[in-house]
Structures are given as C-alpha cells and as structure tokens.
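**Q** Sequence:
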Amino acid sequence: MNPTRLSTYIGSKVEQRLWGILFGFALQFNKKGQDIEAGGFANIEFSPDSSVEGCVYCLNPSQLNSLDKFMGCPEFYTKIVLPVWMVNCTDPNKFGVAQYCIPAAMYIAQDKWTHTDESAPLAANTAFDSA
Numbered sequence: 001m002n003p004t005r006l007s008t009y010i011g012s013k014v015e016q017r018l019w020g021i022l023f024g025f026a027l028q029f030n031k032k033g034q035d036i037e038a039g040g041f042a043n044i045e046f047s048p049d050s051s052v053e054g055c056v057y058c059l060n061p062s063q064l065n066s067l068d069k070f071m072g073c074p075e076f077y078t079k080i081v082l083p084v085w086m087v088n089c090t091d092p093n094k095f096g097v098a099q100y101c102i103p104a105a106m107y108i109a110q111d112k113w114t115h116t117d118e119s120a121p122l123a124a125n126t127a128f129d130s131a
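Residue numbers (UniProt numbering): 1 to 131.
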C-alpha cells in the first residue's frame with residue numbers, strides 16, 4: 001500500500017516507512033473483490049518454506065485503530081502480530097543495525113473473503129484467450 005493511500009485511510013500523514021521480510025508466509029492474490037472480473041487482490045497465507053517482502057509502516061495506536069476500522073477488521077480481515085525482519089532503514093545510525101526483528105501487525109483476509117478453489121482461479125490469474 002502506498003503511503004498516500006494509507007495516510008488517507010488513517011486520517012494523518014505516515015511518518016516512517018521501512019522495508020521488511022516476513023518468513024513463513026506467501027503472497028497470494030486470492031482476496032475476493034466486489035467484482036469477480038477484477039481478479040484477486042493481495043493477501044498472505046501461511047507457507048512454511050516461503051517469505052514475503054514489503055513495507056512496514058510505523059503507526060501509533062490511534063492510527064492503527066483507524067486502519068482497523070477502515071479495513072473492516074474483524075469482519076473482513078483478521079489482524080495478527082508476527083515477527084518481521086527489517087532489512088534496511090532510512091537512517092541506519094538511528095537504529096544502530098541494518099537487520100533486526102520487530103513485532104508487526106498485519107491483516108489476513110477472512111476465509112469467507114478468499115478464493116480457495118485451485119481448479120477455478122480468479123480472473124486475473126487466468127491465461128488470456130488468443131482466439
């Protein structure tokens with residue numbers, strides 16, 4: 001999610017964005033949208049041999065509460081806290097090291113909002129018909 005969009009969701013400017021790796025999860029495009037033709041949207045799911053890279057935003061409790069409401073947590077998403085390894089930062093001197101682990105909150109789509117039938121992928125994941 002880009003910082004401008006996130007700032008709109010939480011009603012205030014995002015002050016800090018870092019980069020991290022979440023081990024034991026894989027990126028999937030299995031989140032259902034309102035229109036099946038739109039295809040799948042990004043989600044993560046448990047996968048012991050995988051990892052996911054992404055942005056880590058530093059939010060205060062009020063901002064996180066606003067994001068919960070915007071995301072529809074817990075109806076549409078489950079929020080969990082998992083260890084994320086930081087791989088770089090905007091100011092290495094401030095943090096002292098380039099690699100360390102932090103607890104990070106993330107949202108995983110509820111099962112009823114995901115597409116799990118491998119035999120019938122969402123529209124965005126299907127091959128184009130050349131005819």
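Mixed in with the good hints there might be a few duds.
Lysine-lysine pairs mimicking DSS-like chemistry, simulated, CA-CA at most 30 Å apart [as the list claims (entries may be wrong)]: (1) Lys13 with Lys79; (2) Lys69 with Lys32; (3) Lys112 with Lys32.
Worth flagging that the hints you see were computed from the coordinates, not collected in a lab.
The structure presented is a predicted model; accordingly, all values stated were derived computationally and were not measured.
**Q** Please go over all the hints and tell whether each is borne out by the structure.
**A** Against the structure, the hints:
no.	hint	in the structure
1	Lys13 with Lys79	holds (22 Å)
2	Lys69 with Lys32	holds (19 Å)
3	Lys112 with Lys32	holds (9 Å)
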